[in-house]
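**Q** Residue-level listing of the chains:
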Amino acid sequence: MAADQPDALLGRRLVIVTGKGGTGKTTVAASLALSASRAGRRVLVAEMARGEHLVPVLAPGEAPVGYDGRELHPGLWAMRIDPFAALAEYLGLQLGGRVVVDRVFRNQAFRQLMTASPGWRELITLGKIWHLEQMAGADGSPLYDLIVVDAPATGHGVTFLDVPRVVVSAVQAGPLRRHAGGVEDLIRDTSRTLLLPVALAEELPARETQELVVRMRDDIGIAVDRVVVNAIMPAPFPEGCDDLPDRLRELADDALPASFPSPRVLAECSSYLAARHELHSHYSDVIAESTGLPRTALPYLPEGIRGPDDLARLGEALLAEPV
Amino acid sequence: MTGPNSARPASRLVTDRRIVVCVGTGGVGKTTIAAAIALEAARRGRRSLVLTIDPARRLADALGVESLGNEPREVAGDRREALGIPEDGQLSAMMLDMKRTFDDLVHRFADGPEAVERILENRIYQHVSDALAGSAEYAAMEKVYEMCQSGAYDLIVVDTPPSQHALDFLEAPERLLEFLDSRLVQVLLHPAFAAGRFGFRLFQRTTQRVLQIFERVSGVSFLEDISEFLLAFEGMSEGFRERATRVRTLLMGADSAFVLVAAPSREAARGARAFLDDLERSKVPLVGIVANRMRLWPGSEDGSAPQFSPDMLSAGRAAIEDALIGSANAPVAPAHAATLAQAAADVATGYASLVNLDLENTQLLEQYAIRRGAFYQRIGELHKDVHDLAGLRTVGAQLFGEERGS
Chain A
112 MAADQPDALL GRRLVIVTGK GGTGKTTVAA SLALSASRAG RRVLVAEMAR GEHLVPVLAP
172 GEAPVGYDGR ELHPGLWAMR IDPFAALAEY LGLQLGGRVV VDRVFRNQAF RQLMTASPGW
232 RELITLGKIW HLEQMAGADG SPLYDLIVVD APATGHGVTF LDVPRVVVSA VQAGPLRRHA
292 GGVEDLIRDT SRTLLLPVAL AEELPARETQ ELVVRMRDDI GIAVDRVVVN AIMPAPFPEG
352 CDDLPDRLRE LADDALPASF PSPRVLAECS SYLAARHELH SHYSDVIAES TGLPRTALPY
412 LPEGIRGPDD LARLGEALLA EPV
Chain B
830 MTGPNSARPA SRLVTDRRIV VCVGTGGVGK TTIAAAIALE AARRGRRSLV LTIDPARRLA
890 DALGVESLGN EPREVAGDRR EALGIPEDGQ LSAMMLDMKR TFDDLVHRFA DGPEAVERIL
950 ENRIYQHVSD ALAGSAEYAA MEKVYEMCQS GAYDLIVVDT PPSQHALDFL EAPERLLEFL
1010 DSRLVQVLLH PAFAAGRFGF RLFQRTTQRV LQIFERVSGV SFLEDISEFL LAFEGMSEGF
1070 RERATRVRTL LMGADSAFVL VAAPSREAAR GARAFLDDLE RSKVPLVGIV ANRMRLWPGS
1130 EDGSAPQFSP DMLSAGRAAI EDALIGSANA PVAPAHAATL AQAAADVATG YASLVNLDLE
1190 NTQLLEQYAI RRGAFYQRIG ELHKDVHDLA GLRTVGAQLF GEERGS
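Protein chains in written order, with our numbering: chain A, 112 to 434; chain B, 830 to 1235.
Keep in mind that the hints were calculated from the coordinates and are not lab data. Some clues are possibly wrong.
What the hints assert, rightly or not - When the alpha-carbon atoms are kept at most 20 Å apart in a straight line, the in silico SDA-like pairs for lysine to any residue are as follows:
hint, chain 1, residue 1, chain 2, residue 2
1, B, 1213, A, 385
2, B, 1213, A, 313
3, B, 1112, B, 1205
What the hints assert, rightly or not - Some residues of chain B that are not near chain A, with every Cβ distance over 12 Å (derived):
hint, residue
4, 838
5, 844
6, 900
7, 906
8, 907
9, 909
10, 910
11, 916
12, 917
13, 943
14, 1077
15, 1113
16, 1192
17, 1196
18, 1218
The structure presented is a predicted model; accordingly, all values stated were derived computationally and were not measured. Glycine included, each C-beta is placed from N, C-alpha and C at the ideal position.
Please model the complete structure; the sequences and the hints are all you need to start from.
**A** Okay, here's the thing in structure tokens:
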């Protein structure tokens, strides 16, 4: 499914929103999920961070959604996948009951042990997502048309998507390996799953996005069809006015009313706005060239995201064809 | 001209302290601020080191830390002159290699070469040094301590790993140690352990049942790895704990200072306020707040922008138009002058609203600093990202109050 197809985003089963911390993943995930629900899809948006970030933008002032989740808007459910809750659910199913599991999970030492142990969080989280994708309603059709995942910020090294592959290669037969295999199949199915990287148009994020995309596409085999470049500052003045800063600098200091900013101050403000716009354009191009992918530019919103209306504004841009 | 400007309280950071820790959420420019502080100390004749976690490549190149194996590199030669570093001053930089730092610790504390080998090859350990929450912070603290003990530096500036919680830098190592603590081993492990027997019987029954299921369905030799890891680490934990305690004492002592770096976007400002709550509770020595990447109104004392009334705007616009048309050097055609004048007026109001927004978002931070007697310094966002030493100088000039261009 190419990026220019109308259903390139909404026609997926699973969209995983990824990127470095601070790039706006939660905003993009929430915006996509909200737009999809308004287009008539049944959508689940899931986050995994410590603390809840979806509710403050999707439904400001409302209570946290937790592991059970809740319908925040018609057709839009949100949940927070807590790895311990997911593991307790999974082990409870395996053991045929929750009494023992809950007791062990309350044990401080056990929790410390699990907190220190690597890899299982990512696996159980992906397992939960896979399970949600498989879930069917009473009539046999999928419970959710689209699942949007606000993935953890990428750091150095292993990302949470690497884990199933590692498990499959390192682990002997068993239910978890089978599950890991199923999860890997879902991730690599380019018609069902899409990775949506979010970047800022700045030097470091631009380069990291390129590294991320290459790794995801080549090592993991997940479909990536575009990059979302966030917080783009607009051109500060119309075309043909690029000479504004220079013209202003040519004026005498006292050319304007005393209460009004001087020509030099105006020139500095114009230069700054022009330079930031230029910087963003440049790095947006760098991202497109280095990844070989079209991009979707989202505008800088000075006031931030105050609620669903701001998300809807961004949603329009998100669903448009990337360039 | 490097006029002393000790009127700026931020100056005491570079003159009086041995350790400065820069905390803050991701993307606010901590690395740049940390490097600028270290540079200023060097300019004042001190031997300084900036410990970075994740520098942008060009800045890393500029500092010369690109391909290092966890060792400091000194900024040398004609770059010293360009930066105004006097003979007795020194600026060094290094990038933290977490894995290496942990391995070094294992070599230091494990009971002999066999134990070292066992730990380094243990699968759980291999993950611990990069995946475990708190390991980056632990490694950073460890490196700070080591560099401090070496006596080679008068000031060490630490760029902490990006995190959502202010106290991760201090608390994560604590949490890590709790896991390694031998008391934990005793709680989890059966008394039969003392007899040196391995296997499922090691664990208390309920824990054992759950872990057995986990192991059966995961197919991972989880229990064996964990047991071996705990066994191996038991010998080390005393050493680890003692050292971590000393590091913490050092960081909370009179020679150390914490600086919160914040940015004015809504998200970043909110993150900074959350940080302040945490820092307050923990009695961490916060000496100042740097509000970085601010849009500032040029020439304004308090940084605020003018208020533009409709009359003022139209009078201003008309004046610009006239001035452009009537300009002696380079007169502008009337139609173009009108367009330019409108553009200028839009720039004025547009930029002013950004300036006011940034001030609004950071107001609570400023008030906090005033209340607590901490310094508060705004740094204007530059036209380009800081990617070289000249950029660092510009930031430093704003932070420490010198004239621009000196």
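**Q** Look at each hint and say if it fits the structure.
**A** Going down the list of hints, with the structure as the test:
Our distance criterion of 20 Å between C-alpha atoms is met by residue 1213 (chain B) and residue 385 (chain A), whose separation comes to about 11 Å. Of the pairs offered as hints, the one joining residue 1213 (chain B) and residue 313 (chain A) holds, with about 9 Å between alpha carbons and a cut-off of 20 Å not exceeded. At most 20 Å may separate the alpha-carbon atoms for a hinted pair to count; residue 1112 (chain B) and residue 1205 (chain B) meet this at roughly 19 Å. No Cβ of chain A comes within 12 Å of the Cβ of residue 838 (chain B); the nearest lies about 27 Å off, and the non-interface call holds.
With a least beta-carbon separation of about 31 Å from chain A, residue 844 (chain B) lies farther than 12 Å from that chain, consistent with its non-interface assignment. In this structure residue 900 (chain B) is separated from chain A by more than 12 Å, as the shortest Cβ-Cβ distance comes to about 19 Å. Every CB of chain A lies more than 12 Å from the CB of residue 906 (chain B), the least distance being 25 Å, so the non-interface label holds. The non-interface label for residue 907 (chain B) is consistent with chain A: the shortest C-beta to C-beta separation is roughly 25 Å, beyond 12 Å.
No beta-carbon of chain A comes within 12 Å of the beta-carbon of residue 909 (chain B); the shortest separation is about 25 Å. No beta-carbon of chain A comes within 12 Å of the beta-carbon of residue 910 (chain B); the shortest separation is about 27 Å. No Cβ of chain A comes within 12 Å of the Cβ of residue 916 (chain B); the nearest lies about 34 Å off, and the non-interface call holds. With a cut of 12 Å on Cβ distances, residue 917 (chain B) stays outside the contact zone with chain A, its closest approach being about 34 Å.
Interface exclusion of residue 943 (chain B) from chain A stands, the closest Cβ pair being 23 Å apart, more than 12 Å. Residue placement check: residue 1077 (chain B) keeps its beta carbon more than 12 Å from all beta carbons of chain A (closest about 19 Å). Taking the minimum C-beta to C-beta distance to chain A, about 20 Å, the non-interface status of residue 1113 (chain B) holds against the 12 Å cut. With a closest Cβ-Cβ approach of about 15 Å to chain A, residue 1192 (chain B) is found to remain outside the 12 Å limit, as its non-interface label requires.
Here residue 1196 (chain B) stays apart from chain A, with its beta-carbon at least about 20 Å from theirs, past the 12 Å limit. At roughly 16 Å from the closest C-beta of chain A, the C-beta of residue 1218 (chain B) stays outside 12 Å, upholding its exclusion from the interface.
Violated hints for the displayed structure: none, as all numbered hints are satisfied.
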